[in-house]
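Enquirer: Chains as they are written, first to last, in the working numbering: chain U, 1 to 110; chain E, 1 to 115.
Worth flagging that the hints you see were computed from the coordinates, not collected in a lab.
For every residue, glycine included, the Cβ atom is placed at its ideal position computed from N, Cα and C.
Mixed in with the good hints, there may be bad ones.
What the hints assert, rightly or not - Reference excerpt, derived from the structure (chain U facing chain E, CB under 8 angstroms, subset only):
#1 Pro31
#2 Tyr32
#3 Arg41
#4 Gly43
#5 Leu44
#6 Leu48
#7 Gly94
#8 Ser95
#9 Gly101
#10 Ser102
#11 Gly103
#12 Val108
What the hints assert, rightly or not - Straight-line Cα separation of at most 25 angstroms, SDA-like style, residue types lysine to any residue; simulated pairs:
#13 U:Lys24 to U:Asp71
#14 E:Lys65 to U:Lys49
#15 U:Lys24 to E:Val60
What the hints assert, rightly or not - Chain U residues, not near chain E, derived (Cβ > 12 angstroms throughout):
#16 Ala1
#17 Val4
#18 Ser18
#19 Asp54
#20 Glu66
#21 His75
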Amino acid sequence: AQSVTQPDARVTVSEGASLQLRCKYSYSATPYLFWYVQYPRQGLQMLLKYYSGDPVVQGVNGFEAEFSKSDSSFHLRKASVHWSDSAVYFCASGSWQLIFGSGTQLTVMP
Amino acid sequence: EAAVTQSPRNKVTVTGGNVTLSCRQTNSHNYMYWYRQDTGHGLRLIHYSYGAGNLQIGDVPDGYKATRTTQEDFFLLLELASPSQTSLYFCASSEEWGAFAETLYFGSGTRLTVL
Chain U
1 AQSVTQPDAR VTVSEGASLQ LRCKYSYSAT PYLFWYVQYP RQGLQMLLKY
51 YSGDPVVQGV NGFEAEFSKS DSSFHLRKAS VHWSDSAVYF CASGSWQLIF
101 GSGTQLTVMP
Chain E
1 EAAVTQSPRN KVTVTGGNVT LSCRQTNSHN YMYWYRQDTG HGLRLIHYSY
51 GAGNLQIGDV PDGYKATRTT QEDFFLLLEL ASPSQTSLYF CASSEEWGAF
101 AETLYFGSGT RLTVL
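Starting from the given sequences, assemble the full structure and let the hints guide the process.
Expert: Printed below as a string of structure tokens:
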């Protein structure tokens, strides 16, 4: 069965620091891969999507993610975080139905 | 921009109670979904639909019914609510199915508490 693992339930970084949120998927072929963000009291919004091509995909607000087939990973990165990036980040994967990971709560300290 | 509106925002009921959660999308998307979000589990698919009158079972359907009355409206029904159904519920819509969609558009959620 497909699965998505986000090993870090909570991540805290200082404003201006770089960020990496980890995501690993379990599927034999290359699935569609997504990162979604959930700001407080809001629904989820898509940050970026990958299916094929350049393994580094750019998203909104300076976020990017890198696909690694050998590692079955799709980690999210940002060079310099802002306090407004504090939110819950979900990785999602699938070749038919989307499977969501358990989410990573990001807190950016001023 | 696609809009998905859920109501109510918060709901408290008692065990055995009858609850209806409402969702309306304004972009005539084909697909609508109901998810529940629980700590440690992420989002889990309860039911989905690809048009008025259609209903498909998701991964965690037990204890839930759903009905898609129009292209815009999708309802989630808990006829005998139990404390295990205390959760944050999200509705979403998309033009294409699941992984093939450019994006899923989510509502702001309904927090349901079953006492």
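Enquirer: Would you mind marking each hint as holding or not holding in the structure?
Expert: Checked hints:
no.: 1; hint: Pro31; in the structure: holds, 7 angstroms
no.: 2; hint: Tyr32; in the structure: holds, 4 angstroms
no.: 3; hint: Arg41; in the structure: holds, 7 angstroms
no.: 4; hint: Gly43; in the structure: holds, 3 angstroms
no.: 5; hint: Leu44; in the structure: holds, 4 angstroms
no.: 6; hint: Leu48; in the structure: violated, 10 angstroms
no.: 7; hint: Gly94; in the structure: holds, 4 angstroms
no.: 8; hint: Ser95; in the structure: holds, 6 angstroms
no.: 9; hint: Gly101; in the structure: holds, 5 angstroms
no.: 10; hint: Ser102; in the structure: holds, 4 angstroms
no.: 11; hint: Gly103; in the structure: holds, 6 angstroms
no.: 12; hint: Val108; in the structure: violated, 21 angstroms
no.: 13; hint: U:Lys24 to U:Asp71; in the structure: holds, 8 angstroms
no.: 14; hint: E:Lys65 to U:Lys49; in the structure: violated, 31 angstroms
no.: 15; hint: U:Lys24 to E:Val60; in the structure: holds, 23 angstroms
no.: 16; hint: Ala1; in the structure: violated, 10 angstroms
no.: 17; hint: Val4; in the structure: violated, 8 angstroms
no.: 18; hint: Ser18; in the structure: holds, 25 angstroms
no.: 19; hint: Asp54; in the structure: holds, 18 angstroms
no.: 20; hint: Glu66; in the structure: holds, 19 angstroms
no.: 21; hint: His75; in the structure: holds, 17 angstroms
Consistency with the previously given hints fails for numbers 6, 12, 14, 16, 17, ordered from lowest to highest.
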